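Peer 1: Note that the protein sequences, when read in sequence, are chains F and V. First residue of the first sequence? That's 1 in the working numbering, and the numbers climb one at a time after it. First residue of the second sequence? That's 1 in the working numbering, and the numbers climb one at a time after it.
There may be inaccurate statements among the hints.
[Said to hold, decoys possible] Reference listing, derived: stretches of chain F covered by chain V, where coverage requires no fewer than 3 residues with Cβ under 8 Å from a Cβ of chain V:
1. 1–12
2. 92–105
3. 133–139
Rather than coming from a laboratory, the hints here were simulated on the basis of the structure. Predicted, not measured: the structure shown is a model, and the values here were computed from it. Glycine included, every Cβ here is placed at the ideal spot set by N, Cα and C.
Residue-level listing of the chains:
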Amino acid sequence: MRVLVVEDEPRMAALIRQGLVEEAYAVDVVGRGDEVLDWVQSATYDVILLDIMLPGMNGLEVCRQLRDQGYQIPVLMLTARDTLPDKVKGLDSGADDYLIKPFAIEELTARLRALARREGPSKSAELVVADLFLNPATKLARRGERSIELTAKEYALLETLMRRPNQVVSRHQIIDHVWDMEFESGSKLIEVYIHALRKKIDEDYPVKLIHTLRGLGYRIGEDENR
Amino acid sequence: MKIVNLRLRLVLWSVALETLLLIVFAAVFVAVLQNAQNQQIEETLRLSAAQLNAVVDIQSGHYRISTAETADMRARGVMAWILSPDGQLGLTIGNAENYPVPANLPLPGQTADHFLKEEEIIRLWVSPLTEGANEFGTLVVALPLRSSQTFLRQIYLGLAVAIPLVVLLSAAGGLFLARRALQPVATITHTARTISAADLSQRIALDLPDDEIGQLAATFNAMLERLDGAFQRERQFTSDVSHELRTPLGFIKTQLSLARSRPRNAAALLEMMAGMEGDVDRMTRLVEQMLSLARVEQRGLESFVPVDLGALLGDLHQHFQPKGGQDDIELSLGLPPQVELTVNGDQAGLRQVFTNLVENAFKYTPRGGQINLEVVRRWDQIEVKVTNFGMVIPPEDIPHLFERFYRVESSRSRETGGAGLGLAISQEIVRRHGGTIEVQSDADRGTLFCVRLPGQHP
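Extracted from the complex, chain V is given alone in its bound form:
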């Protein structure tokens, strides 16, 4: 079964690990305990043997011992058989009197276990009974293992109860802790679930510590912020576009209904048609500009070729001369001689940027005015300046000038015909070339649009 719940999985893993560790610990603990017990038993047997060796007397073939001398031994459960050199039982001490001498005695200096009766095991120790250099019998000392076995059994029982209990408790604690630690994740999940494209204003509450999850939440919020901004710009753009298209559509609809609301002569109808044609032109321009903006946004850098700005502006200057003559506006072009003015860029895009700027300049320059086109190279940058001495742009409008559909209030009422996209498109194109576009406007120096592009190294 695959466990999908992270919290449960964490706890299960930690509990499994903990159980394993506890079992290893218990095994080592029991082994050490048993070893210590065995050593202690052996020690007791050896000491008892040494003591018996000291206190047993032999008088005319009979072994003797005073009861007082063996009292403490007997109290500890020690029992002993004393065998004569010819293997006859000479004397028993403690409980040994009830049992025969065990068969299969171990070699001296070694231990062996022996079933005294059912459920009763004793450990045997054999040593010679000596006095000086004389050996006058064999000592068989034994200690029942019952008490030490009982002790070990209690330890096993304790471990068998304690280990599952500890595991259980730690699992419960682990679940609780995991839930607490993962609570922010649940919050994040919940928030993310309530966020839809329609409402991106929600954020994860950031009263979290600055740990991994806090950082995750902060990152998540930052991403939401960017998404929200993008969605809002998109919505704004859509709403702006629909407004911009609806206004001329409204004009056309109203004019059409007006035209047929009563009989009209040909001249009046022609005049109305001219008005509607103007509205159609306005919508056409808007749609073209939107397409152009979309194209600029899609077009990659792969179409970049070396573009000679000198030649391009010379061409534009030629192109706008007739319009200058028509509007009585002087259009001048200042090119530095013998200077490399080549940039790496999109020929059509750059042409559109400067066409937009010159067309704008024409719109705001009165008859008899002047427009200057100038190109200079500053280190590795090429600056193109378009200056006109017409209307001054109010300072409060300047920061918004490159926004889509932004129009200076005074130019809105004037039928300048722009959709408010020209500068936004220009900026987008320049930005794609790694350049900047700036504007300054005051009464003394006129209005200056300055485009800076990275120049190609000669």
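So here's chain F without its partners, still in its complex pose:
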């Protein structure tokens, strides 16, 4: 999951980034409202965390512009204001949810998970492919009855694949959803993590779930030949 955090207070932005990175999100931070569109055009975000009081352009306007330009990315509004009219305005401008400052990191991540769930095909809290389960809240995977511990990046990569079961996910998509702007292109990081995931998930099982499609990308699913 890759998140764009739009927040002008550098300390707040740093705290949010730390909290999200620890939860295996890829995070980019932007401090001005009028720069959001550029960022959204240059990378694929799974969710935008948008403050309302921003220099350049306020969050409500940013959100309206995003929607006007056809972006469906879920937006979570973040603001100190807590009066009812502001909430209504936020939602009316196209935001999907609303979080009032001050907030706890746990609430933020819970809402992000809820937003991701709303976007995905299934409303259940766990992602499921065949007998493989992934819990976004605990970051634990389970194959059959066996519980599997994942590192943050392994989790993020597996999540990206499992949100698109039986679909080809390109290297580019993986980079977009798992890494932030600091990812060095041409590195072998993806292969390294895919290898690690295979070891944890597929090694001991006859039915392999992670498939490599040469030149195209990766696919997760039971059926080998689809």
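Fit chain V to the known structure of chain F by using the hints.
Peer 2: The following block gives chain V in isolation, referenced to the frame of chain F:
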């Protein structure tokens, strides 16, 4: 009963006054009319007597008169009895033939009223019947009063109908006029009633003439304007304060939740605690500054004592020397020798003003820089200048610099730690001393804060 309606009261008063005036007028009018009538009757009686005296003949003890001579008299209703010198009735003229000679005759030259019969009064006039120097009888001339009484009765009736009618009409007109004149007052009342503390934006429509009520409305509007401004400043201040307090609170809350969101080692926890301590300090500073501002606003002038600015700045200079050494900033103090630098003021307040200015200067002066403190006396004013050669304040920020919570954009992102109240407090204190505070900033001359205070006369 107490009448509270101003409109009704106005009309009642004016109607009462008008009725009184009308009654006085009617009384005078009737009196004048009666007097004129009496004079006219007397005139008629006298003339009739004179005429009869001229036309009555006496021949061998009998009085004679030709009917033609008395025709016009009789037409006017005049009647007369002619008595012989021995008191016998000699002749009657007109209606007198039907009635006996009235008793109680008046003296000659006077009038008297006499009941001829019921409802019929006549006025009598007596004069001697003469021819040359001979007196040969007495004339009793009389005129019925019926027609003049009828005339007066009609006048009374007319007045009795007209006066109430006029009063009634004028009351209605008065009500109408009073309503029209007082309509703006009703408008003002209505507007004032719809104005609440939450919405002071309403004003009375000022399409009124510039009369007393128009002026009242204008004054009312001006007062609303001031109230509105005060309320808005208050609201702005409250909202600013809550924002300023909420931001560090938000940091603390998020940091706390982050700290316990997963197991962390001692070093990481200590680092987070240090961050939160910084936020607590920021809030503490803000609360202290707000208290200080409130104190400045409450403190009266009674605490003013003579304050030697030279000594005060010398002390401040001493106090900030170590910080200058620490930050590698040169802090200089220029005092004119042998000049009286005493102002009448609040020692602690003035100290706070100059401390704020010097602290600000430190914030915006880079290492190796310089801050100058200077005091000069110009006539009866004492100027204190704090100059630094650090960052230049953008010209667009200068007019807002002394506003509460105003921060120059570039200093907001820098963690300079100010709440944006220091300069507002300084200005408030200086203003209370009858002084001014000004700022200039450009690349060549640096940033200069100049405080002017009225000096004490030596």
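Peer 1: All the hints need checking, so say for each whether the structure fits it.
Peer 2: Hint by hint, here is what the structure shows:
1. For the region 1–12 of chain F, the stated coverage by chain V is satisfied: 4 residues place a CB nearer than 8 Å to a CB of that chain, which reaches the threshold of 3.
2. Under a criterion of three residues with beta carbons nearer than 8 Å to beta carbons of chain V, the stated coverage of the region 92–105 of chain F is upheld, 5 such residues being counted.
3. Counting residues of the region 133–139 of chain F whose C-beta lies closer than 8 Å to any C-beta of chain V gives 0; at least three are required, and the coverage claim is violated.
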